[in-house]
Amino acid sequence: MKVEVHTKPGSRRPGIEHTATGLLTVRVREPARDGQANAAVIRALAEEYGVPPSKIKLLRGAGARVKLFAIDE
Numbered sequence: 001m002k003v004e005v006h007t008k009p010g011s012r013r014p015g016i017e018h019t020a021t022g023l024l025t026v027r028v029r030e031p032a033r034d035g036q037a038n039a040a041v042i043r044a045l046a047e048e049y050g051v052p053p054s055k056i057k058l059l060r061g062a063g064a065r066v067k068l069f070a071i072d073e
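Per this note's numbering: the sequence shown = residues 1 to 73.
Derived by calculation from the structure, the hints in this document are not laboratory data.
Incorrect hints may have been included.
Claimed, not checked - Listed below are the simulated SDA-like cross-link pairs for lysine to any residue, each with C-alpha atoms no more than 25 Å apart in a straight line:
| no. | residue 1 | residue 2 |
| --- | --- | --- |
| 1 | Lys55 | Gly22 |
| 2 | Lys57 | Thr25 |
| 3 | Lys8 | Leu58 |
| 4 | Lys57 | Ala39 |
| 5 | Lys2 | Tyr49 |
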């Protein structure tokens with residue numbers, strides 16, 4: 001399954017919101033530095049979908065706010 005995510009690094013209140021357009025908004029506390037926010041987003045998605053983090057791959061958007069992830073179930 002592929003999931004498009006809008007990330008908000010450095011957020012005070014981490015969490016996941018499902019939008020009407022199908023885009024997920026993932027807020028994480030970690031800063032957008034050295035891949036810290038990307039790793040936190042992967043952990044949040046793993047928890048949300050009930051899969052281990054190793055099953056989630058970043059396909060597009062490593063340095064962007066809108067990212068595309070592949071989740072192997």
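Checklist entry - What are the numbers of the hints that this structure violates, sorted from low to high? => result Structure breaks no hint.
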